[in-house]
Amino acid sequence: MSATSDSLDLFTPMFKHFRRLSAADCFTQAYSVTSHPSFFDHCPITTSIDLDESLGLKPISSWSLYSCLFSNGLYFLSNPFTSVGQHQWIHRALNDYARQTKTSVGDNSNNEQLARIRWATLGYHYDWTNKIYKDDDHTKMPNELAKLCQIIMHVISSSTNCPMMQAEAAIVNYYHLNSTLCAHTDHSEYDALTKPLISYSFGNAAVFLIGGQTKAECKPSPILLQSGDIILMTGSSRLCFHAVPRILSDPLLKEILCEHLDDECCWSYIHDKRININVRQVYS
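Residue numbers (numbering that gives the first Met the number 0): 0 to 283.
Errors might be hidden in some of the hints.
Claimed, not checked - In silico lysine-lysine, DSS-like type, Cα no more than 25 Å apart, as pairs:
(1) K57 to K133
(2) K133 to K146
(3) K253 to K272
(4) K101 to K272
(5) K214 to K57
(6) K139 to K101
(7) K146 to K101
(8) K57 to K101
(9) K57 to K272
(10) K130 to K214
(11) K15 to K272
(12) K139 to K15
(13) K253 to K15
(14) K133 to K101
Think of the hints as simulated: they come from the structure by calculation, not from any bench.
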């Protein structure tokens, strides 16, 4: 009996494939602009604005933005951060964003449970049980994160047909080298198709899989995300299944960050971890 569209799953075999691969083969097989250039279309950046030094960004003229040809509406911005800037964002994720009550370990105000933390929410807090946002359950979005998103969105929107978004909620994911994120879609926000989602990567590398709006639609494509890289999901990609099957120890991490991570606690954490900050607009 042939598989029906309801039972066919093209996503899980690829997820398992990257779980089994050696780290070296993951780096080779996951798509990057260098290793798989035909899968990326360069988008010239046509805007120039003054940057706040506290955001840790390189001059916009040096940024490289690409449209991912394997997923409609998916954009990849190759690390626009300075090494010092990456340190600043790692420090914020560990010393500010993780020190609050809305985390996977509850109140972490003294960072006593930092090694155990898996997520923290900012702005409108996500109700993981009911998979909704509640209008009366929110805190103020960090000013610097909202400002960063405004700059990133302005640059990408000015260079593509991507619409703007307001940073209203963020989930900060704290990954260990053996962590995974199973296949899922993000559809709890209102009018998700027209409001982009921005995802920032810091620390060790990850394989990010993105497929179709059902697991039967297409085989997922693997993207290699390294420290400082940004992906933006908009249009139809906004409702596609995506996952993280592997976190990879990145030999470049120490070279990039160690000289700037004078905070011993910060380096002792990030040397074998990855931090992902994903930001979205909740309400229309």
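Q: Would you pick out the hints that fail for this structure and give their numbers low to high?
A: As far as the earlier hints go, 1, 5, 8, 12, 13 are violated by this structure, in ascending order.
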